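Protein chains: 2
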Amino acid sequence: MQNGILPFNYNHMSYKSLDTSPRILLGPGPSDMHPRVYKALSTHMIGHLDPEFVDIMDEVKQMVQATFQTQNKLSFVVSAPGSAGMETCLVNLIEPGDEVVICQHGVFGGRMADIADRAGATVHKVVQEWGKPVDPAAVKKVLENCNPKLVAIVHAETSTGVRQPLEEIGQMVRDKGSLFVVDAVTSYCGIDLRVDDWGIDAIYTGTQKCLSAPPGLSPVSFSDRAVEVLDARKTKVQSWFLDLSLVKNYWAGAKRAYHHTAPISQIFALREAYRLVLEEGLEARFQRHQETHEHLRDGLQDLGFTYLVDEAYRLPMLNAVYLPDGVEELPLRKQLLHEYNIEVGGGLGDFAGKLWRIGLMGHSCDKNHVNMLLSALKEIM
Amino acid sequence: MQNGILPFNYNHMSYKSLDTSPRILLGPGPSDMHPRVYKALSTHMIGHLDPEFVDIMDEVKQMVQATFQTQNKLSFVVSAPGSAGMETCLVNLIEPGDEVVICQHGVFGGRMADIADRAGATVHKVVQEWGKPVDPAAVKKVLENCNPKLVAIVHAETSTGVRQPLEEIGQMVRDKGSLFVVDAVTSYCGIDLRVDDWGIDAIYTGTQKCLSAPPGLSPVSFSDRAVEVLDARKTKVQSWFLDLSLVKNYWAGAKRAYHHTAPISQIFALREAYRLVLEEGLEARFQRHQETHEHLRDGLQDLGFTYLVDEAYRLPMLNAVYLPDGVEELPLRKQLLHEYNIEVGGGLGDFAGKLWRIGLMGHSCDKNHVNMLLSALKEIM
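So the protein sequences, as listed, match chains F and A.
Add 610 to a position in the first sequence, counting from 1, and you land on the number used in my numbering.
Add 610 to a position in the second sequence, counting from 1, and you land on the number used in my numbering.
Careful, some of the hints might be misleading.
Identical chains blur together in the list; that is why a pair holds if it fits in one copy or across any two.
What the hints assert, rightly or not - Below, in silico cross-link-like pairs of lysine-lysine (DSBU-like), each with a Cα-Cα straight-line distance of 35 Å or less:
#1 Lys964 <-> Lys751
#2 Lys964 <-> Lys865
#3 Lys671 <-> Lys858
#4 Lys751 <-> Lys735
None of these hints come from the bench; they were simulated from the model.
All values reported here derive from a predicted model rather than from experimental measurement.
Use the sequences and the hints to build the structure in full.
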């Protein structure tokens, strides 16, 4: 290293070649990736305006539509993680002074309320106890006393493992003339999710859960009704990076106008993860998640674990469980990680230190993994 | 594919296995990646809160400091492309009603002004003709008539190939008591850039230029003076995703509080790209960029190309050149891409259709590549 060129005593040789442990990822995401996705990641780099890359973007758009079960023309991938997808949906649809309704039954509903507030909305909350789904009657009551531009709700609360039924609430929102915004980060490609049939106007998700692509991207989709609202905005979206009036010209415009440099390697991997989903078929994939979940559930209950969520509303891919009496969560979780290379998640927010979140997502959702986890727990406990 | 599960006639078999052409990337970015970076991309996935990943984040932070030549504690990587890094710097430092000065001598200065305006700033512009650096005297004049919170300028305008000298303007900004914000997307790791010595308070860059990592991330750094301004904000940053008061707890906080899921595979690749930079050494890398540029320059001039920018202000990694008289740019550029697999860039903004931007960035910056390009041009022209 040349003298003086670096600002402090610095020895680059201290950085060893990268070497990660062969973890089995059974936490709340990221999930394990299929070998084909690893290979796709290291596909030879091409330019973001190369005709070959434009074709790949078109294919990925179709794959976003297929997996969201929608014909929405404005379906694409935000070049940033799921929380940026959340922000994209909210800040593009909200203008300062708008009323919005946010359903909050975990960490991520709270995050939506925070973002809506920052965008200048008057936020009406429908708050539900963590671990239960939002009650449609509670939404109905709030809707009677306000006139919201949108109603937002989380389909699969990653902090609690609750599956939120959407159809009844979606119908209410439509009857009210509001837009229906859904967080599908953890449900996407793991349980049924019908954007068109359920009248969802704006939806975002992540890539590192049941899709089993690398983290860092957020597929989104907007209905024609939502696009009309976008087009009728009186104020500029405060974020240039997330402004759909600009981004859509890159992903969907006839001229494919340069907006930012797409995360090309990530898009390669995403495309391969989508191919795997479509080869398996959505129904078969949903069934695999349900069956693997039941296998895990039976084994955990035998060991004395108990579920936070009532059976009717449990997510198959996110199992929030209390540990058997007298078992400390952190030492056990560390032992699993360091002695067995198995990652499970701790509690988030109100549940930190109180429960585990065991993920069965995408390529991680496998009976062999369940057996490994249960066997390890039996050996330790 | 199960009947009814997909919303339209859809045949997944139409998506072939991914296969890109072996392009040589001599455009304005992304650049070619070293084989070690491809390998690092497909490193086995681990969780974003895994102790191994936390260690990797710490190493990457040190590498960000080393390459920015700074000791700034708040140095990290935004989980989104360079334009999101731009937005991070501006929206965190600006509050509604603040005065700012934006220097604009190309597309990216204009983008900064747009973002500052959306954040509620009163924007004073120092506009320079495209292809020339901003004149310190013009900055001085504007500074005499306003009291800006920050002055922002592009170090290497990717749209014009101009190298902007920073020291004199930086001194003026410091004397005025304003913060000095610098866009280093194209200069970073290709020409000298001294954050501490030059009094830069906030800086952002991209990964896909002279660093030759995959696109999609934005290394940033903030001086202690900038952090004081962040800490003294009276209003919330409108963007939750880019709010440094939250992000810094994930990258730098003692508890490493979860904020979003980091783009793990990208960080793996970034770390390897940094190792390559540090093994080469910054001075040697800058010299390689300069020498390769001179080799290209001589060859292009022999062929009748002429430079937009005066020699004293030319960037080695971004050669903005007019084509010889009578040569149409688009057909020639397409021929290079399709017959030789060589990508060069067209003009951007005012220069669209008028000139080429030939990049020599990072791993792409190689005498063999220059010889390939010059030989191909000789054969075609």
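Against the structure shown, which of the earlier numbered hints fail to hold, in ascending order? Hints that this structure does not satisfy do not exist here, as all of them hold.
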